[in-house]
Structures are given as structure tokens and as C-alpha cells.
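Engineer: Those sequence lines, one after another, are chains A and B.
So that you can map any letter, position 166 of the first sequence is 166 in the numbering used here, and since no number is skipped, the others follow by simple counting.
So that you can map any letter, position 196 of the second sequence is 196 in the numbering used here, and since no number is skipped, the others follow by simple counting.
No lab work stands behind these hints, which were simulated from the structure alone.
Heads up, a few of these hints could be off.
Each pair of labels, with its calculated beta carbon distance range [as the list claims (entries may be wrong)]: (1) Val55(B) / Ala258(A): 56 to 64 Å; (2) Tyr114(B) / Ala105(A): 51 to 59 Å; (3) Met134(A) / Pro177(B): 56 to 64 Å; (4) Tyr77(B) / Trp33(A): 14 to 22 Å; (5) Tyr114(B) / Arg47(A): 34 to 42 Å; (6) Phe198(B) / Arg288(A): 48 to 56 Å.
In silico negatives: residues of chain B with every beta carbon more than 12 Å from chain A [to be verified]: (7) Leu42; (8) Val55; (9) Lys87; (10) Val88; (11) Thr101; (12) Ala169; (13) Val179; (14) Ile194; (15) His201.
Note that the Cβ used here is the ideal one computed from N, Cα and C, for glycine as well.
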Amino acid sequence: MKLYRFIIELLQIAILLGVAPAFTGWVRMLKCWSQGRTSAGLFQPYRDLLKLFSKDILLADNASWIFRFTPYLVFGTAVLAGAIIPMLSLELPIASTADVIVLVALFTIARFFTALAGMDIGTAFGGMGSSREMTIASLAEPAMLMAIFTVSLASRSTSLSQMVHVIYSGQSILRPSIAFALFAFVLIALAETGRIPVDNPSTHLELTMIHEAMILEYSGRHLALIEWASMMKLFLFIMLGVAVFAPWGIAETGDIVAISAAFLFMILKLLFVGTVLVMIETGLAKMRIFRLTEFLGSAFLLATLGMLPYFILE
Amino acid sequence: MDLNIAAQLNSFLAAFVLLTAFGMLVQRRMYGLVHLFTWQGLFLSINTAIVGFVVGKHHLYISSVLTLLIKVILLPYILHVLIRRLKVHREVEIIVNIPMTMMMGIALVIFSYYLMSPVSQLSTLVTRSTLAVALATVMIGLLMMITRKHAVTQIIGFLAMENGLFFAATSATYGMPLVVELGVALDVLIAAFIFGIFFFHIHTTFDSLDVDQMARLKEED
């Protein structure tokens, strides 16, 4: 039985690795359609990754071990985070060792090392990207923790599986605090995954890029790992949001039928969330960087407003 | 309707009223403010109707319809006309430090919760938990009047305060007597007209609706 759970855990990681590029492809495809362009297809991200893996690595002379180590660390934390978030089943052996706070810390480690690697080579762009990224992170992280704490207040636990259990147990969903937390989470997820009002994922325009500026010096296998990890990060944030705010479909037990149903539900939810994401991205313009404090400030406000009604109204 | 569901709907709408109050606190654009004000009125109106339905007080329906007519249709219309006639719709107001204002708003919410928690413990009404939100809405309206410099936004802050009071009346005592509510509604309407006239006078005297300009109204020595 114990072995069986580990198999499910491994299956979940395999799905994370396999589906994340397809999801990015789906978002890009919808975006192309909404802008009247011809899309490169659902599988273009896989082709990109393959191409990058087959290329040579070009390292700067002064690159230290941090620069070489960061891609593996970023990739590894993304995979580990994927093992913690319940995507298919609630009975994940690794998930019981880590809760939401650890999850946020994992994302932070990845970001910290990416910022270090951005500065490691000593180019101006890398330093600029790192400083911007850390500015955003310092504002987004408290808001993110507040939003998730609101939900964990309601379920009296910071463990993700426990939170899903409580929502399953049929307590009312008409809670103002959870609605606010969801709102805040959407704003933060846009900021953390570098989507449009905050950062443009497809830009290489010097003055506006944030995430791309940090990884500008990477090439070959390293770049492939980082790109793959950022696709997984987008996927993971959506899975985290789904697990916390709309977990219906995730299997409570580990039997095969429930798992395959959970997989189907997951695909449906991904298609839906991707559409919403594209609608947000085509509807909004990228924000000026000095407006970001207000954007993330309102995310924090919403998260706090979610926590206050929990005490005031419920 | 089940009492529990009604209480939940009530607190949900209360949360939205609070959200619109915060939205108004940080909104820069004139039309955006008016839209948020309209939404707040709509939430109030729905909330009043629900409370009236649950507790079986039919005069609340009348005040709900009154709210809908005055605060969702008439007042926003008047404000729209004013903004267009005075040509201030392009104006984007500079507010002192939005994140700071937000923090002050949150502090006000916590303060009003602290102030209201003994009162709501004594109360037995379905709507008792929304009292703190009502007080917070009043306070945020006041904060908006303090932090803004533009006459039109100050008036919207004033009207938002009135919304908060109305909400407090609904949640504390299931609404005031109908005569009082009719009187208040009429007062607000008249006030809006008078404000309009004053706006035109301020505008023709100072060429601006910035109330800082009124410091010039001193007698010269």
C-alpha cells in the first residue's frame, strides 16, 4: 500500500513535467487566436525545450558555481513543489511532510537563487532584473501568505490535504473571506508567475522585462531547465489555486478510477483557467513598474479584507 | 428562506459593501468613483430587500426600492451630469500615497470591529455581525473626505458615509421607521442638488474644484 502511494506520487510528478509545457502551449495558442495570429500549436513548447537541450552551453568567463547551480535548483524546487500540492490525490506521502509555508519558501528559494544568478555575471540587465524581481517578491509574498492563511483559518490547518478535506466535508462555500482570498490569490499569481499586468512573459524588450532580464545570460541546457521550471511554476500556481479554492474532483482515496477522474477534472480546470488567463492578459496592458506597489498593495488589502471578515462576520 | 443562508448572504453583501468602500478610497478616476458608488448602492439595496424578506418587515422593501431609485439611478446620474458639465471627467486626482491610505482604512476596520464587538454580542438580530462593517464604511467615507482635495470626490465620500449609516440602521434595528427613511432619502436628494449648484459657483469663482483654493477666501488686511 505504501509503495502504491509512492507510485501515485511519481505519477503526479510525471504529469507535472509532461503537462506543464502543453498548458503553456495552450495559453500561447489561445492568445494567438484572440489576437488574430496563427499559432505555433500546442506542442511548440516541447519543441523549444528539445532544441535548447540539444544546444551547447555558453558560459561567461566569470560565471561562478551559483550561475551553474541555479538552473538545477530552480528545476528541483519546482518538482518538489509539485510533489506537495495535491493535484490528483490527497494521499501523497511527501505532502504530509510539508505545508503551505514550506511551499512558499520553496518558491522563494528558487527566486533567491535566480536573482543571485542574475547578478553573478555582472551584466547590467541581470542586476536590474534581480532588483525588480526582489521588489515584487517582497510585496507579493506577504500578500500570498495572507491569502492562504485566510483559507487555513477556515480549515484550521496549514496542510494542503487537510484544507481540501475540510472543503470536501461540506461546510458552506458562501464565505466572504474565501471570495476575497481568491481575488487576492489571482492578483498575486499573476505577479508571481510574471504574467501581463506585472511582467510580459514573451518580451525581450530591454526596459520592461523582469524575469527575462535575470536569465538573459543562460543558454542551452541551463536555459531549457529554467524555461521548463517557469512553465511548471505557472502550472503549479494554478494547481495550488485549484486545490485551495476549488478542489472538487481531486481523489480522496487512491483507487484507479478516482485518479483517472481526477486527471480528467484537472484537464478541464486547466482549459478553463487558461481561457480566463488569456482573457485577463488580452484585456489588460502591462503596468508601469512604479504602479506595481499599488497592484500588490491592493492584493494585500484584499487578503487582509478576507481575513478580517472571518473574525467579524463569521 | 433559511435563516442561516440569509445571514450568510447578508455578511457576503456586507463584505462587498466594504470592498466598494475600499475601492472608492483608492480610486483615482472620477467615473470610476461614481461606478463604485453605484455598486455600493446596489449591494445595499439587495441587502435591505433580503433582510426585509427574512424578518418579514415589509417596509424594508420600500426603503430598498428607494435606495435603488435614489442611490443607484438618480444620484449617479446627477454626478455624471455634473462631472460632464464641469468638464472634470479627464481629471485624475492625486491622492497622498495610496498604500498608506489603504493601511489606514484597514486600521479603521479593526478599530470599528473592536468598538462594535460588545454591541453585537448583546444583539440577537440576524444581521448583528454586519454592524462593524457598517461603522467601518462610515469611517472610510470620512477618511475619504479627509484625504481628498477635489470637491466632487469629497461629496462622493459624504454620500458613501450616508450609505454606511443606512447600512448600520438596517443591521442594528432592521431599519429606521419609514417616515425617517423617507425624510433622509429626500434630504440626500436635496443635498445632491445643492451640491451641484455649489459646484458651479466654486467652478466659476476659482476655475477649479480643488478645495485648497478656498484658502484664498480670506479677507485681505
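Engineer: Look at each hint and say if it fits the structure.
Structural biologist: Hints, verified against the model:
At roughly 45 Å, the beta carbons of Val55(B) and Ala258(A) sit outside the given window of 56 to 64 Å. The hinted range of 51 to 59 Å is not satisfied by Tyr114(B) and Ala105(A), whose Cβ atoms lie roughly 33 Å apart. Between Met134(A) and Pro177(B) the C-beta distance comes to about 59 Å, which sits within the given range of 56 to 64 Å. Distance hint check: the CB atoms of Tyr77(B) and Trp33(A) are about 40 Å apart, inconsistent with the given range 14 to 22 Å.
Checked against the given bound of 34 to 42 Å, the beta carbons of Tyr114(B) and Arg47(A), roughly 59 Å apart, lie outside it. For the pair Phe198(B) and Arg288(A), the beta carbons lie near 36 Å from each other, so the given range of 48 to 56 Å is not met. The Cβ of Leu42(B) lies farther than 12 Å from every Cβ of chain A, with a closest approach of about 17 Å, so its non-interface assignment holds. With 12 Å as the threshold on Cβ separation, the claim that Val55(B) sits away from chain A holds: the shortest Cβ distance comes to roughly 18 Å.
The beta carbon of Lys87(B) sits about 26 Å from the closest Cβ of chain A, which is more than 12 Å, so the claim that it is off the interface holds. No beta-carbon of chain A is positioned within 12 Å of the beta-carbon of Val88(B); the least distance is around 22 Å. Not every beta carbon of chain A lies more than 12 Å from that of Thr101(B), the smallest distance being close to 10 Å; the non-interface claim is violated. With a cut of 12 Å on Cβ distances, Ala169(B) stays outside the contact zone with chain A, its closest approach being about 18 Å.
Under the 12 Å C-beta cut-off, the non-interface status given to Val179(B) relative to chain A holds; the minimum distance is some 31 Å. Ile194(B), annotated as away from the interface, keeps every beta carbon of chain A farther than 12 Å; the closest lies near 34 Å. For His201(B), the requirement that its beta carbon stay farther than 12 Å from each beta carbon of chain A is met, with the minimum near 35 Å.
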